[in-house]
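Enquirer: Sequence:
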Amino acid sequence: MIQRALSITSFSNVQIMKNFTILSSLLGAFISLMPSQQTYAQTSACTFVSPAVELNYTTTNINGDCMVNVDLSFTININNGNKYTVLHLWPEASYPSPSFLYSVNNAPQSSQGGGNGALDNAIATIIINRNSNPASLLSGYSIDPTIDDNTLPCVNQVKDASDGLVLQVTDVGNGNVFYLIKNLSLPYPGGCNQPIKFKGDAWSSNASSLNVQCTMLGFTYLSNVPTMTALQICQRPSSPAQYQFTVSTALPNYSVDYSVDIYADVDKNGEFNPFVDNQHIASYPAASLPDVSSTSPYSIAPTSFSWSATQNNNSLFFILGNITVTNTVSNQVTQYLNTIISTTTPDCNTPLPLNNLVISGTKEGMVNRLSWKVPVDETRYAVEKMPAGSTQWRQVGVEKMKENTSGGAYETYIYTDLESKDCLYRVRAFNPDGAFAYSNTIKLESSHAPIDVQIFPNPATSSTVKLIAELPDEQTATILVVNPLGQVVREYTHVNGGELTVGNLSSGIYYILMYSDHKEQVMKTLAIK
Numbered sequence: 091m092i093q094r095a096l097s098i099t100s101f102s103n104v105q106i107m108k109n110f111t112i113l114s115s116l117l118g119a120f121i122s123l124m125p126s127q128q129t130y131a132q133t134s135a136c137t138f139v140s141p142a143v144e145l146n147y148t149t150t151n152i153n154g155d156c157m158v159n160v161d162l163s164f165t166i167n168i169n170n171g172n173k174y175t176v177l178h179l180w181p182e183a184s185y186p187s188p189s190f191l192y193s194v195n196n197a198p199q200s201s202q203g204g205g206n207g208a209l210d211n212a213i214a215t216i217i218i219n220r221n222s223n224p225a226s227l228l229s230g231y232s233i234d235p236t237i238d239d240n241t242l243p244c245v246n247q248v249k250d251a252s253d254g255l256v257l258q259v260t261d262v263g264n265g266n267v268f269y270l271i272k273n274l275s276l277p278y279p280g281g282c283n284q285p286i287k288f289k290g291d292a293w294s295s296n297a298s299s300l301n302v303q304c305t306m307l308g309f310t311y312l313s314n315v316p317t318m319t320a321l322q323i324c325q326r327p328s329s330p331a332q333y334q335f336t337v338s339t340a341l342p343n344y345s346v347d348y349s350v351d352i353y354a355d356v357d358k359n360g361e362f363n364p365f366v367d368n369q370h371i372a373s374y375p376a377a378s379l380p381d382v383s384s385t386s387p388y389s390i391a392p393t394s395f396s397w398s399a400t401q402n403n404n405s406l407f408f409i410l411g412n413i414t415v416t417n418t419v420s421n422q423v424t425q426y427l428n429t430i431i432s433t434t435t436p437d438c439n440t441p442l443p444l445n446n447l448v449i450s451g452t453k454e455g456m457v458n459r460l461s462w463k464v465p466v467d468e469t470r471y472a473v474e475k476m477p478a479g480s481t482q483w484r485q486v487g488v489e490k491m492k493e494n495t496s497g498g499a500y501e502t503y504i505y506t507d508l509e510s511k512d513c514l515y516r517v518r519a520f521n522p523d524g525a526f527a528y529s530n531t532i533k534l535e536s537s538h539a540p541i542d543v544q545i546f547p548n549p550a551t552s553s554t555v556k557l558i559a560e561l562p563d564e565q566t567a568t569i570l571v572v573n574p575l576g577q578v579v580r581e582y583t584h585v586n587g588g589e590l591t592v593g594n595l596s597s598g599i600y601y602i603l604m605y606s607d608h609k610e611q612v613m614k615t616l617a618i619k
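Start counting at 1 in the sequence shown, then tack on 90, and there's your number in our numbering.
For the record, the hints were derived by calculation from the structure and aren't laboratory data.
Be a bit skeptical, because a hint or two may be false.
[Said to hold, decoys possible] Dumping the calculated DSBU-like pairs for lysine-lysine here, alpha-carbon to alpha-carbon at most 35 angstroms: (1) Lys533 / Lys619; (2) Lys511 / Lys533; (3) Lys358 / Lys272.
[As the list claims (entries may be wrong)] Here are the simulated distance ranges between beta carbons: (4) Asn219 / Gly265: 36 to 44 angstroms; (5) Val578 / Arg470: 19 to 27 angstroms; (6) Glu535 / Gly265: 25 to 33 angstroms; (7) Ser299 / Ala372: 31 to 39 angstroms.
Ideal Cβ positions, reconstructed from N, Cα and C, are used throughout, including at glycine.
Could you build all of it, start to finish, from the sequences and the hints given here?
Expert: Structure (structure tokens):
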């Protein structure tokens, strides 16, 4: 398998990963709703969007702590200013509580020498100088040089090129600049067999004295739950390009709900850029996928795709989103609105699967219908199901080779099952010699009409708009109005359809997010002129 990145491949104490964690994206599907705020200290306009972290690998050091290597990326609207950008990162449990109060002349410091102490538990500070051409990483934090010496509590906290960091900058137009900081190593307390969660602040300045101009506080990401192993089979003259993936978690006592979207690497540089890599390949909504745990991974069998006659062998980005994690011991449920992305490169050495056994299905009232298309041979197919509330797979039927078909042809099988509950299905293909293989697993649920939200007018020339929620009967939803910083500026709960009036919105871009009690989610973009 030739893959630029694997979600989990274990070599001794090392777990090699290649996962992005996106908190907010100009691609509406990736927007973050993590708590962030713009403080009273803002004196010039700037907008941070798309803070992201790509987890490359983890390893355990001699003290038993987890060393995490990441690539950090984000986008900032420079607005003819913002010459300096500063990032601070903490383990989530060590983030200042309450949040540090930034002001024009008050930025985070170490407690050494009487400073405010906000950085005492931070693990990294990164300063980007956009005055230089190209932009560069500064080696000193002029507000508090003590955070980059060998004196506690902050030892060598400033990270720059001398620490192996590489800075890449892309001007994406309209005043937006995309930054990618590669090869940042961070210590995380405890071992690597735990959820790894960081929290950070980002702020900007127009002066070398680093007076605070604007801030984005408290962006958070969960980087390793769940994980994905993906494979991309290259397009050949005789066969189409294909992908397959497995979603899992190695952590016990967790159950994870999620969705999957797949995008193409449009510019072929191997680095995900939400402004460029927006060619959508496939979507797997959360409602169609089973939850995963340490004992129940989920796999999609090889699936053909085509988006370009000449570029189907570009890399793919597999995006895990809508992540809800349940601690099965405490029953605590946490929703993470970041996404985790795995990257693949086409593998031209892996032989194609013999049957490409991929099943699909629909629920029609009390009846579930499964179908699959395979070559005609002596293979037989056993249908297995796991109803809601059960933990065991049960065989419910066997389909034999179709008669009166010519060798080498393809045949479509259809299996009908009387089942009122939500249910998982898979098909086991087995040959006369005893060899067998499983199909993908699908989840058939009680049907719910799709949800939607309409915005009138859009774009709007006034500060007031109307939202029309389209929901099935007896279903409710929550509607959030979110600004580009990830701040929730309006929240409407227990909406059961109908019209809402939203007023007093300032000029700018907003994201309207509606999610139902059945986990369906829809998002629209609103422009106020």
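Enquirer: Would you list, in rising numerical order, the hints stated earlier that this structure does not obey?
Expert: The structure conflicts with hints 1, 4, 5, 6, 7, although it agrees with all the remaining ones.
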